[in-house]
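S.K.: Below are the chains, spelled out letter by letter.
Number of protein chains: 2
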Amino acid sequence: MSQSVNRQPGRYFEDYPVGAVFAGGPVAVSEEEILAFARRYDPQPMHVDKAAAEAGQFGGLIASGWHTGALMMQLLTRYFVPSPGNLASPGLDELRWLLPVRPGDRLSLRATVLTARRSRSKPDQGIVTSLVEVLNQKDEVVMTLKPISLMRCREPSP
Amino acid sequence: MSQSVNRQPGRYFEDYPVGAVFAGGPVAVSEEEILAFARRYDPQPMHVDKAAAEAGQFGGLIASGWHTGALMMQLLTRYFVPSPGNLASPGLDELRWLLPVRPGDRLSLRATVLTARRSRSKPDQGIVTSLVEVLNQKDEVVMTLKPISLMRCREPSP
Chain A
3 MSQSVNRQPG
13 RYFEDYPVGA
23 VFAGGPVAVS
33 EEEILAFARR
43 YDPQPMHVDK
53 AAAEAGQFGG
63 LIASGWHTGA
73 LMMQLLTRYF
83 VPSPGNLASP
93 GLDELRWLLP
103 VRPGDRLSLR
113 ATVLTARRSR
123 SKPDQGIVTS
133 LVEVLNQKDE
143 VVMTLKPISL
153 MRCREPSP
Chain B
3 MSQSVNRQPG
13 RYFEDYPVGA
23 VFAGGPVAVS
33 EEEILAFARR
43 YDPQPMHVDK
53 AAAEAGQFGG
63 LIASGWHTGA
73 LMMQLLTRYF
83 VPSPGNLASP
93 GLDELRWLLP
103 VRPGDRLSLR
113 ATVLTARRSR
123 SKPDQGIVTS
133 LVEVLNQKDE
143 VVMTLKPISL
153 MRCREPSP
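Protein chains in written order, with my numbering: chain A, 3 to 160; chain B, 3 to 160.
Bear in mind the hints are in silico, worked out from the structure with no lab data behind them.
Since this is a predicted model, take the numbers as computed values, not measurements.
Incorrect hints may have been included.
What the hints assert, rightly or not - List time: in silico EDC-like cross-link candidates among lysine to aspartate or glutamate, alpha-carbon distance up to 20 Å:
| # | chain 1 | residue 1 | chain 2 | residue 2 |
| --- | --- | --- | --- | --- |
| 1 | A | Lys-124 | B | Asp-51 |
| 2 | B | Lys-124 | B | Glu-157 |
| 3 | A | Lys-148 | B | Glu-157 |
| 4 | B | Lys-148 | A | Asp-95 |
Pulled out of the complex, with its shape left as it was, chain A reads as follows:
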């Protein structure tokens, strides 16, 4: 079962069956934003110093991995997170930064539901895990992670 949809109002736990795919984008990554984010949160030479970055292992400025994660979250709120069904995220597993993200890149999201189960203790809640892939404009996967999402159910368990 596969479906590729944008965010719709009125989504709940029941709308995230195993195998469902949620996709969307892109969001553009500018040099200005890479520098501003990294100056505050990750001031390493490869993220904040153009000359050092060009001489370094990546051959140019690259985005902080946490900046890529924040942009992924922006896409997740647009194309995956249910509304009004979202409750919270307890965390995520297996985050991998696979390729550098550079100024001018355009990132898109593909989220595939891996598991979906109702809470044993709370009949109005469900837990969804998914594989999230972040792709650049060449369709290369630059980042993957497996977030855990706590969602409201449309219909509580009996």
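With chain A held as given, fit chain B onto it using these hints.
M.R.: Same frame as chain A, but now just chain B:
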């Protein structure tokens, strides 16, 4: 073996033995920054809408989990990441958001080395995994994760 140190210049893979502890902080979390970060990256009501957040499950505005992660990275660059020995991070495992982060909180870092091994293929590189805990001003652990760090060795393997 345990040591609690701030970031020193000249650190390499060899300075991260199993059990070593790196700690530091705090960084303050302002309402203004919570709102600015979330408006750009995570515009959900609990992060951007004070009135909705006060009426919601957390009883007030809370920071985006990715904002807490970005602040953690700021502390990591100050107190953990080796210089000049840092190469890159391939990713992280088991990130958990345990407690909300609120305006006025002050966050600190404690990173404990879990594993440290030399690369089999690259004699001048090593791989360190650690348990990172982010604590608030009440010494409550608000977030944990296990980052993977690729570092240069001071002395290459023979």
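S.K.: Hints numbered earlier in the text: which of these fail when held up against the supplied structure?
M.R.: Hints 1 and 3 contradicted; others consistent.
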